[in-house]
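Number of protein chains: 2
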Amino acid sequence: MKRITIKDLAKFLSLSTSTISRALLDDKNVNLETRKRVLDAADQLGYKPNLTALNLKSGQSKTIGVVVPEMITPFSAKVLEGIQHVLYPLGYRLVITQSDENPLIERKNLQLLEDFNVDGIIINVCHETYNNDVYRRMMAQGTPLVFFDRIPDKSLDVSKVVVDDYISSSLLVEYLIKTGRKRIAHIMGPSTIRNAIERANGYKRILTKYNLADENLIIKTEGMSFEHGKDAVQQLLQRKVEFDSIFAFSDTLAIGAMNALLEHNIKIPGDVAVASFSGTELSTIVYPQLTSVQQPLVAMGEAAAELMLEKIKNRSAPCRTVLMDAVLVQRASTL
Amino acid sequence: MKRITIKDLAKFLSLSTSTISRALLDDKNVNLETRKRVLDAADQLGYKPNLTALNLKSGQSKTIGVVVPEMITPFSAKVLEGIQHVLYPLGYRLVITQSDENPLIERKNLQLLEDFNVDGIIINVCHETYNNDVYRRMMAQGTPLVFFDRIPDKSLDVSKVVVDDYISSSLLVEYLIKTGRKRIAHIMGPSTIRNAIERANGYKRILTKYNLADENLIIKTEGMSFEHGKDAVQQLLQRKVEFDSIFAFSDTLAIGAMNALLEHNIKIPGDVAVASFSGTELSTIVYPQLTSVQQPLVAMGEAAAELMLEKIKNRSAPCRTVLMDAVLVQRASTL
DNA sequence: ATGAAAGCGCTAACAT
DNA sequence: ATGTTAGCGCTTTCAT
Numbered sequence: 001m002k003r004i005t006i007k008d009l010a011k012f013l014s015l016s017t018s019t020i021s022r023a024l025l026d027d028k029n030v031n032l033e034t035r036k037r038v039l040d041a042a043d044q045l046g047y048k049p050n051l052t053a054l055n056l057k058s059g060q061s062k063t064i065g066v067v068v069p070e071m072i073t074p075f076s077a078k079v080l081e082g083i084q085h086v087l088y089p090l091g092y093r094l095v096i097t098q099s100d101e102n103p104l105i106e107r108k109n110l111q112l113l114e115d116f117n118v119d120g121i122i123i124n125v126c127h128e129t130y131n132n133d134v135y136r137r138m139m140a141q142g143t144p145l146v147f148f149d150r151i152p153d154k155s156l157d158v159s160k161v162v163v164d165d166y167i168s169s170s171l172l173v174e175y176l177i178k179t180g181r182k183r184i185a186h187i188m189g190p191s192t193i194r195n196a197i198e199r200a201n202g203y204k205r206i207l208t209k210y211n212l213a214d215e216n217l218i219i220k221t222e223g224m225s226f227e228h229g230k231d232a233v234q235q236l237l238q239r240k241v242e243f244d245s246i247f248a249f250s251d252t253l254a255i256g257a258m259n260a261l262l263e264h265n266i267k268i269p270g271d272v273a274v275a276s277f278s279g280t281e282l283s284t285i286v287y288p289q290l291t292s293v294q295q296p297l298v299a300m301g302e303a304a305a306e307l308m309l310e311k312i313k314n315r316s317a318p319c320r321t322v323l324m325d326a327v328l329v330q331r332a333s334t335l
Numbered sequence: 001m002k003r004i005t006i007k008d009l010a011k012f013l014s015l016s017t018s019t020i021s022r023a024l025l026d027d028k029n030v031n032l033e034t035r036k037r038v039l040d041a042a043d044q045l046g047y048k049p050n051l052t053a054l055n056l057k058s059g060q061s062k063t064i065g066v067v068v069p070e071m072i073t074p075f076s077a078k079v080l081e082g083i084q085h086v087l088y089p090l091g092y093r094l095v096i097t098q099s100d101e102n103p104l105i106e107r108k109n110l111q112l113l114e115d116f117n118v119d120g121i122i123i124n125v126c127h128e129t130y131n132n133d134v135y136r137r138m139m140a141q142g143t144p145l146v147f148f149d150r151i152p153d154k155s156l157d158v159s160k161v162v163v164d165d166y167i168s169s170s171l172l173v174e175y176l177i178k179t180g181r182k183r184i185a186h187i188m189g190p191s192t193i194r195n196a197i198e199r200a201n202g203y204k205r206i207l208t209k210y211n212l213a214d215e216n217l218i219i220k221t222e223g224m225s226f227e228h229g230k231d232a233v234q235q236l237l238q239r240k241v242e243f244d245s246i247f248a249f250s251d252t253l254a255i256g257a258m259n260a261l262l263e264h265n266i267k268i269p270g271d272v273a274v275a276s277f278s279g280t281e282l283s284t285i286v287y288p289q290l291t292s293v294q295q296p297l298v299a300m301g302e303a304a305a306e307l308m309l310e311k312i313k314n315r316s317a318p319c320r321t322v323l324m325d326a327v328l329v330q331r332a333s334t335l
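As you go down the protein sequences, you meet chains A and B in turn. Its first residue numbered 1, the first sequence is counted upward by one per residue in the UniProt record's numbering. Its first residue numbered 1, the second sequence is counted upward by one per residue in the UniProt record's numbering.
Treat the hints as calculated values from the structure; they're not laboratory data. Mixed in with the good hints, there may be bad ones.
No distinction is drawn between identical chains; accordingly, a pair holds when it is met within one copy or between any pair of copies.
[To be verified] Derived EDC-like pairs (lysine to aspartate or glutamate); straight-line CA-CA distance at most 20 Å:
1) K108 / D27
2) K154 / E198
3) K108 / D43
4) K230 / E114
5) K57 / D40
6) K230 / E101
7) K28 / E174
8) K2 / E114
9) K7 / E281
Could you put the whole structure together from the sequences, leaning on the hints where they help?
Below, the structure is given as structure tokens:
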């Protein structure tokens, strides 16, 4: 079952390998007749190009690294779907790594990807600044980096795909107010994640605008897990602060919060409405279904892949920021 | 920022590339002194081997394809974690594809992987027989295939990683009976999935053993989604068959079922207990938490990767079946 | 112990 | 329009 190479085709047709190569590449400098013969033979003998040889020739690894913070929610899977959708047809392979929300693991992952000679890395960071030195070094070495969702702090000029956290969270909070909620608690992610700050800012702005602000309503979590969401509610209850709704930084935190509420026999949305930010399928499989700001995850992945291709094509292309629209989807948890 | 090659090292140290190569490979035929100089220089100049060149030389793509039915639940992500854990350190890249429970998409995915010249494919099938011809052809061509979780029918001799569905489901059903349930409904997956049949058989055996069998208690679903789980409960209710518990084929179906129950104000586990098979994090984030048979997903991925390496090392190694232990984890949904 | 040379599969100058 | 040659980075015979 030996693989057929252009050499075999050359021998078979008594032509040189260059002619075979040219015919296969649709080069104009090849007789129409000859091209046809080559194509037929290729088909007949089952020729398939050797990507490795191509890559060696072109000096690329045709491998893109991806770093995501977690793979428990479908968030990353959806974005990956978009990335793959763009990159697979072009012959790119992926090395997907997950950091488990740990900057140190993220660092190791970046190192691993470097060892893989990746042509570029697409990243959703787990800490705003911790690995900046690595990002900076890699970019200096000519490895294109593209960020999505969670991005590094502004000291780094990078290509990125994001939604406007500030605006979207403002909209969501305003929506909660319109539905009659007045004591809106916020489960904010760790402040080492820029988006957590942005979303909290949107939240604060609206509460201030409606004169409903109260620092006691904000719980900053230490991490991003389901348990952190539960803890946040425990804390709210301990603080004895009144609240009739919760806006959580992410689906995971929101669902943890919902569980804590249900355990305390607090009705959703009767007693407390819950809303979140991200928009994974998770929000539709919990009961009651969760109102949330849905990010266009697949499209974000596609955009990130496109930005990567842009950078690969032209190393010195200027960094671009793609701003995607998020939409508020109302579900049972706030109705 | 040009990459350093062994050529550069050779020039730098006035040695031949062969000596450099040997030194780097710890070949005995190289002066200790020389080796040290080479290693130092490599370190100093920042030499990194070019994997593509290695691959071309060895005739491998160092790429493994993975086909999974879905990426919405963390099931596949966990298995992938195990696969990556074994394969990444060895320099293997992955091309991960998802079939969306559609045999036709699975077929396309296999084709794509073939185009990638993968060294092997690890698969969780979405249909017991539909793509048998492709599996067969690929294996005949010398591409190692390893299956996990859902496997093709017995007409194919393949390496695989599985749990004993029949036994595990028996245990689960017996457990439900021990907790006092007598009318146990079963939401069975499509019969184009071997495991659905196995688990249903385990279920039937125990019900028969305790004289509790009733064909009306079984709902065979058309698919594997959350919605199919909901529908199943609707059907049970329409049939007006009494039931005090549900054993679902998967977490997804179980959670869909739970939602339907809650919508009808049926208490879990008060009125109806719910249990499932799979063991993803999903079972711990729903309310109430879901009792389930937990498969050791990460370990399954590792085992699948090991089987793959075995086949890659020796194309004609006999096919092996790794049987993993699943454990029953009791949670609130049945207590 | 070291070097020279061939070759993995393919493309692209450079002939002709 | 087709062929010859070199070379991508590395390993590996075969010499020395």
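Now the hints, each set against the structure:
In this assembly of identical chains, the alpha carbons of K108 and D27 never lie at most 20 Å apart, being 44 Å within a copy and 29 Å across copies at closest. In this assembly of identical chains, the alpha carbons of K154 and E198 lie at most 20 Å apart only when taken from the same copy (13 Å versus 55 Å across copies). Taking the closest pair of Cα atoms, K108 and D43 come within 20 Å of each other only across two copies (19 Å); inside a single copy the shortest separation is 44 Å, beyond that limit. Taking identical chains as interchangeable, the C-alpha atoms of K230 and E114 are never at most 20 Å apart, the minima being 38 Å within one chain and 46 Å between chains.
For the homomeric pair K57 and D40, neither the shortest alpha-carbon distance inside one copy (25 Å) nor that between copies (29 Å) is at most 20 Å. Within a single copy, K230 and E101 get their C-alpha atoms as close as 18 Å, which meets the 20 Å cut-off; across copies the closest is 33 Å, which misses it. Taking the shortest alpha-carbon separations for K28 and E174, neither the intra-copy value of 62 Å nor the inter-copy value of 72 Å comes in at or below 20 Å. Taking the shortest Cα distances, K2 and E114 sit within 20 Å of each other only across copies (15 Å), while inside one copy they are farther apart (33 Å).
With identical chains, the CA atoms of K7 and E281 are never at most 20 Å apart, being 51 Å at best within one copy and 52 Å at best between copies.
Consistency with the previously given hints fails for numbers 1, 4, 5, 7, 9, ordered from lowest to highest.
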